[in-house]
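Number of protein chains: 2
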Amino acid sequence: MLQWLRQYRRAALAGDAGAGVVVAMMLIPQGMAYALVAGLPPVAGLYASILPPIVYALFGSSMTQSVGPMAIVSLMTGAVIAPLAPAGSGLHAVLAAQLALVAGLVLLLCGILRMGFLASFFSRPVMSGFTVGSALVIAYGQLKPLFGAQLPDYHLPSAALGLGSVVLLVLARRYLSPLLQRCGMAASRAEIASKLGPMLVVLGATGLVWVLGLDTRGVAVTGPVPSGLPQLNLAVSQEHWYALLKPGLLLGFIIFLMSMSAAQTLALKRQEKLVSNQELIGLGAANVASMLSGGMAVTGSLSRSAVNFAAGANTPLASVISAVLLALALVAPTGWLAWLPLPVLAATIIVAVLGMLELDTLRTAWRYDRADALAWAVTCIGVLVLGIEAGVVVGVVLSMGTLIWRASRPHIAVLGRIAGTEHFRNVDRYPAETQPEMLVLRVDANLFFGNMEAVTGRVEDELRTHPTARDLVLVMSAVNSIDTTALFALAELNASLQRRGIGLHLAEVKGPVMDRLRESSLPERLNGKIFLSTAIAADFLHSRKGHS
Amino acid sequence: MLQWLRQYRRAALAGDAGAGVVVAMMLIPQGMAYALVAGLPPVAGLYASILPPIVYALFGSSMTQSVGPMAIVSLMTGAVIAPLAPAGSGLHAVLAAQLALVAGLVLLLCGILRMGFLASFFSRPVMSGFTVGSALVIAYGQLKPLFGAQLPDYHLPSAALGLGSVVLLVLARRYLSPLLQRCGMAASRAEIASKLGPMLVVLGATGLVWVLGLDTRGVAVTGPVPSGLPQLNLAVSQEHWYALLKPGLLLGFIIFLMSMSAAQTLALKRQEKLVSNQELIGLGAANVASMLSGGMAVTGSLSRSAVNFAAGANTPLASVISAVLLALALVAPTGWLAWLPLPVLAATIIVAVLGMLELDTLRTAWRYDRADALAWAVTCIGVLVLGIEAGVVVGVVLSMGTLIWRASRPHIAVLGRIAGTEHFRNVDRYPAETQPEMLVLRVDANLFFGNMEAVTGRVEDELRTHPTARDLVLVMSAVNSIDTTALFALAELNASLQRRGIGLHLAEVKGPVMDRLRESSLPERLNGKIFLSTAIAADFLHSRKGHS
Chain A
3 MLQWLRQYRR
13 AALAGDAGAG
23 VVVAMMLIPQ
33 GMAYALVAGL
43 PPVAGLYASI
53 LPPIVYALFG
63 SSMTQSVGPM
73 AIVSLMTGAV
83 IAPLAPAGSG
93 LHAVLAAQLA
103 LVAGLVLLLC
113 GILRMGFLAS
123 FFSRPVMSGF
133 TVGSALVIAY
143 GQLKPLFGAQ
153 LPDYHLPSAA
163 LGLGSVVLLV
173 LARRYLSPLL
183 QRCGMAASRA
193 EIASKLGPML
203 VVLGATGLVW
213 VLGLDTRGVA
223 VTGPVPSGLP
233 QLNLAVSQEH
243 WYALLKPGLL
253 LGFIIFLMSM
263 SAAQTLALKR
273 QEKLVSNQEL
283 IGLGAANVAS
293 MLSGGMAVTG
303 SLSRSAVNFA
313 AGANTPLASV
323 ISAVLLALAL
333 VAPTGWLAWL
343 PLPVLAATII
353 VAVLGMLELD
363 TLRTAWRYDR
373 ADALAWAVTC
383 IGVLVLGIEA
393 GVVVGVVLSM
403 GTLIWRASRP
413 HIAVLGRIAG
423 TEHFRNVDRY
433 PAETQPEMLV
443 LRVDANLFFG
453 NMEAVTGRVE
463 DELRTHPTAR
473 DLVLVMSAVN
483 SIDTTALFAL
493 AELNASLQRR
503 GIGLHLAEVK
513 GPVMDRLRES
523 SLPERLNGKI
533 FLSTAIAADF
543 LHSRKGHS
Chain B
3 MLQWLRQYRR
13 AALAGDAGAG
23 VVVAMMLIPQ
33 GMAYALVAGL
43 PPVAGLYASI
53 LPPIVYALFG
63 SSMTQSVGPM
73 AIVSLMTGAV
83 IAPLAPAGSG
93 LHAVLAAQLA
103 LVAGLVLLLC
113 GILRMGFLAS
123 FFSRPVMSGF
133 TVGSALVIAY
143 GQLKPLFGAQ
153 LPDYHLPSAA
163 LGLGSVVLLV
173 LARRYLSPLL
183 QRCGMAASRA
193 EIASKLGPML
203 VVLGATGLVW
213 VLGLDTRGVA
223 VTGPVPSGLP
233 QLNLAVSQEH
243 WYALLKPGLL
253 LGFIIFLMSM
263 SAAQTLALKR
273 QEKLVSNQEL
283 IGLGAANVAS
293 MLSGGMAVTG
303 SLSRSAVNFA
313 AGANTPLASV
323 ISAVLLALAL
333 VAPTGWLAWL
343 PLPVLAATII
353 VAVLGMLELD
363 TLRTAWRYDR
373 ADALAWAVTC
383 IGVLVLGIEA
393 GVVVGVVLSM
403 GTLIWRASRP
413 HIAVLGRIAG
423 TEHFRNVDRY
433 PAETQPEMLV
443 LRVDANLFFG
453 NMEAVTGRVE
463 DELRTHPTAR
473 DLVLVMSAVN
483 SIDTTALFAL
493 AELNASLQRR
503 GIGLHLAEVK
513 GPVMDRLRES
523 SLPERLNGKI
533 FLSTAIAADF
543 LHSRKGHS
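Same order as they appear, the protein sequences are chains A and B. In case it helps, the numbering used here puts the first sequence at residues 3 to 550. In case it helps, the numbering used here puts the second sequence at residues 3 to 550.
Among the hints, a few may not be true.
[Claimed, not checked] The calculated DMTMM-like cross-link candidates involving lysine to aspartate or glutamate, where the alpha carbons are at most 20 Å apart (straight line), are:
{"hint": "1", "chain 1": "A", "residue 1": "K512", "chain 2": "B", "residue 2": "D430"}
{"hint": "2", "chain 1": "A", "residue 1": "K271", "chain 2": "B", "residue 2": "E494"}
{"hint": "3", "chain 1": "A", "residue 1": "K271", "chain 2": "B", "residue 2": "E462"}
{"hint": "4", "chain 1": "B", "residue 1": "K531", "chain 2": "A", "residue 2": "D463"}
{"hint": "5", "chain 1": "A", "residue 1": "K271", "chain 2": "B", "residue 2": "D463"}
{"hint": "6", "chain 1": "B", "residue 1": "K248", "chain 2": "A", "residue 2": "E391"}
{"hint": "7", "chain 1": "B", "residue 1": "K512", "chain 2": "A", "residue 2": "D446"}
{"hint": "8", "chain 1": "A", "residue 1": "K275", "chain 2": "B", "residue 2": "D430"}
{"hint": "9", "chain 1": "B", "residue 1": "K271", "chain 2": "A", "residue 2": "D463"}
{"hint": "10", "chain 1": "B", "residue 1": "K512", "chain 2": "A", "residue 2": "E391"}
{"hint": "11", "chain 1": "B", "residue 1": "K271", "chain 2": "A", "residue 2": "E462"}
{"hint": "12", "chain 1": "B", "residue 1": "K248", "chain 2": "A", "residue 2": "E494"}
{"hint": "13", "chain 1": "B", "residue 1": "K271", "chain 2": "A", "residue 2": "D430"}
{"hint": "14", "chain 1": "B", "residue 1": "K275", "chain 2": "A", "residue 2": "E391"}
{"hint": "15", "chain 1": "A", "residue 1": "K248", "chain 2": "B", "residue 2": "E391"}
{"hint": "16", "chain 1": "A", "residue 1": "K275", "chain 2": "B", "residue 2": "E462"}
{"hint": "17", "chain 1": "A", "residue 1": "K271", "chain 2": "B", "residue 2": "E274"}
{"hint": "18", "chain 1": "B", "residue 1": "K248", "chain 2": "B", "residue 2": "D446"}
{"hint": "19", "chain 1": "B", "residue 1": "K275", "chain 2": "A", "residue 2": "D430"}
{"hint": "20", "chain 1": "A", "residue 1": "K512", "chain 2": "B", "residue 2": "E462"}
{"hint": "21", "chain 1": "A", "residue 1": "K275", "chain 2": "B", "residue 2": "D217"}
[What the hints assert, rightly or not] Label pairs and their calculated CB-CB ranges:
{"hint": "22", "chain 1": "B", "residue 1": "E435", "chain 2": "A", "residue 2": "R116", "range": "53 to 61 Å"}
{"hint": "23", "chain 1": "A", "residue 1": "A188", "chain 2": "B", "residue 2": "H413", "range": "27 to 35 Å"}
{"hint": "24", "chain 1": "A", "residue 1": "L386", "chain 2": "B", "residue 2": "Q9", "range": "29 to 37 Å"}
I should point out that these hints are in silico values taken from the structure, not numbers from a laboratory. By construction, the Cβ of each residue, glycine as well, lies at the ideal position given by its N, Cα and C atoms.
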């Protein structure tokens, strides 16, 4: 913590300052727009962009993460609060901040309990399907402000402003950087400057509204944005704690997932060490800070963090600088923001989430693993049909489902001896010799609760097809762990085989697995022996048969 | 399906008939008692003991499973319906049947979709903690009927009857079988006869109430039980479908888990093949049948199934016989049941669930694997504090949590060459030689979304401690599968290493894993090569260095 500040070098300052300016310019339209997605007054998004990134800079783990408002987290905030309070009401703002507090406390608790492994509860296909589904929900929700009326109705000046902005933003995204490069700007600078498109469009549109008086002709505008820094907010609704508990848990989980996915991308680029437990603490503290400053739930944003990194950020000082600039913008006169047209904010949201619609993961999964492609599709449809909260649960269930489903099909090979050698190989792949009185099986999976039914079922199947077998040798060379459930299942298999007069033997048990087994009663209760190698087991059992 | 009936042999009949009689004698008190646990009139439990086992006999997979009312499933039914309708009301009975229908349809659907792997979503420690927690909740709920009043109050005649029955039942369980054996009965028969204790106590107590007129002195009794077979029930509450959907899903899951755990125990004893998808169909059909005959949710009961098996059941005909006997009991005059004292039914429930309080799993887990012991305790406490529905969710989350937690700590070894050989071994365990320009890592785990963060993190750590390494060889001998998430992570690791001029090579990739990898673009994009063995990789990379 704060190691970066103690070791700060002057040379890093230029990059940090430049990145801070760029990110602040991104955050002004994004913060206001994502506050609207959450059903909040736009200023809440600006508040959420000041204190939280500073607190994250103190406690977080990533050097270039940009913490602040983020589309999916705002969507979820809006979805959770909508049934509890009317959008735009005072209670809505109180509950949104309170939800950030609950999520923040959940994240802090998980960090203290070192539960960073929670980030692995979503597989990548599920995460991708969830993101695409959420992006579609967000874009759909912006159609009404974009057109100034519920489709198929539309308000012409609003729709013209909104659609015009969408076209400008898409063009800016595609052609601004090449254009600037043709004007002599360096490629990397031009790329970063093109990220300022939304801010420029917002400024231009605001001027247009003011000059043409479009607000008096029915174009919805932001309205007065209070000037000054955020005040300390301690308002909570006592009666809503319970209602916010479960959504707060889910939201905390999503905040962590989104931030980790951004941080992983950055860590790969910077060869940075990612400390997931520290990330939990940083995000938790940032969300508590967001509540205290009257904001809303925040997380690390992949798109903003990538810009931050590309713009030269070296340390979290970049985020601090951007937060200070936002604070200055709020201290300066904010009167002009009153004319900011909502259709244009809707356009910035729609264009921003278009970037989240990546189908590469689905395409790869479709070719590589159909179960993962199915999980992608079901999660995406789950978010669209059941909503984002249920979508999180669907995502976890599908990630775990594909895991358990795969685990329930362990590869198990019948082994035979390659004549004249000590090698035992899969009889389906090699010309290997088996003995009628001995069945040798190799389980190519760790033994745990997810596959023991399949393992014991397969053992019984093989014993049925090898009715003369008096000894069963389980070759454990591919088994790296045995959990408690598997331990019981092995003990029960042992008892069942013993009743039938069939010996159960283990061979090639790995060192760490054997160390653990010694702490159980299985080795002493085992109806057979534990052998160092399969060949030793086979020789011993064969010679014993000769004697008996 | 029905194979057992087509192949039925006369010799099996005696065992089936005997078991049918014994199970029917168990089912009369159990059915009525578990109906009370679910907040239903006792007759609902008897209805649930007639049609469902017959339907299960037609569609189920286990030969000796006894399907019918079961304590935990009844507890969950009661907990789900309680907030929706007052206990004992007509609506309560309608909703309980409707819940069985929802759970039954869920089970049928899962069976058709071949989702039998769902049984592996609970680890054994979690299942045990869940069972113990539920048993405690059930026993606690019976204290009021046992004492005839809310403690510390009590109604003396009720408490005397109730506690007397508890003592009698505990004595019968412990001493009846030895006593009968001393009277010359065969051990196996005596053991089975002792299971009739509850029926005898119920009969005796009913007679006592009738003779002494205890019902007029404030002892609660069952009251009139309608005579005759169950009628076709199609009553549902249209407005409650949605409210029953989620509980129905959870209940279906628990029905399946409970039945599979009983069936697994039986399958081990009988060397029977367990077909989990067929079990889903059988349980689903049985629950739909229970709804149609005005019953409640049913499942396979471990304790009853064990008695059924021990009493000589050979085929599902035993269950059919027991169902027919119960039907006859309902056709015969049922007037005497009106005097059945509720404190005695409470006593049978309490003594029955005492048998579910096993701590052996906790003890083993504590010695063998603390994480599993913790999962046991948290699930048990979760059921006690949050209720049984939330307990199911807690159980799934903990089962998956321990799985992901373990997966997030894969064993990864730095390998070196045993001098003068082709063998590469863990440098921490063997005197193996490493090369400064080459890092060889063996991952002892399947690569999937749960451990890729740990794997890439460890790779980066090792590269930091081996700054001179120009080549990284991943030895894949212990990797049995690579999922889509891991595929992406490997591709990203490859790109990151390429940027740094470090070659990424794979060695000893297993056949099935290589087959899958060929369907992705990883092999062609790989910045290094894929080698058959680690020794070949090391020789090649070393010689290349010599040339460059």
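Requested in this report: Just pull the numbers of the violated hints for me, sorted ascending.
Outcome: Those not satisfied are hints 4, 8, 10, 12, 13, 14, 17, 18, 19, 20, 21, 22, 23 and 24.
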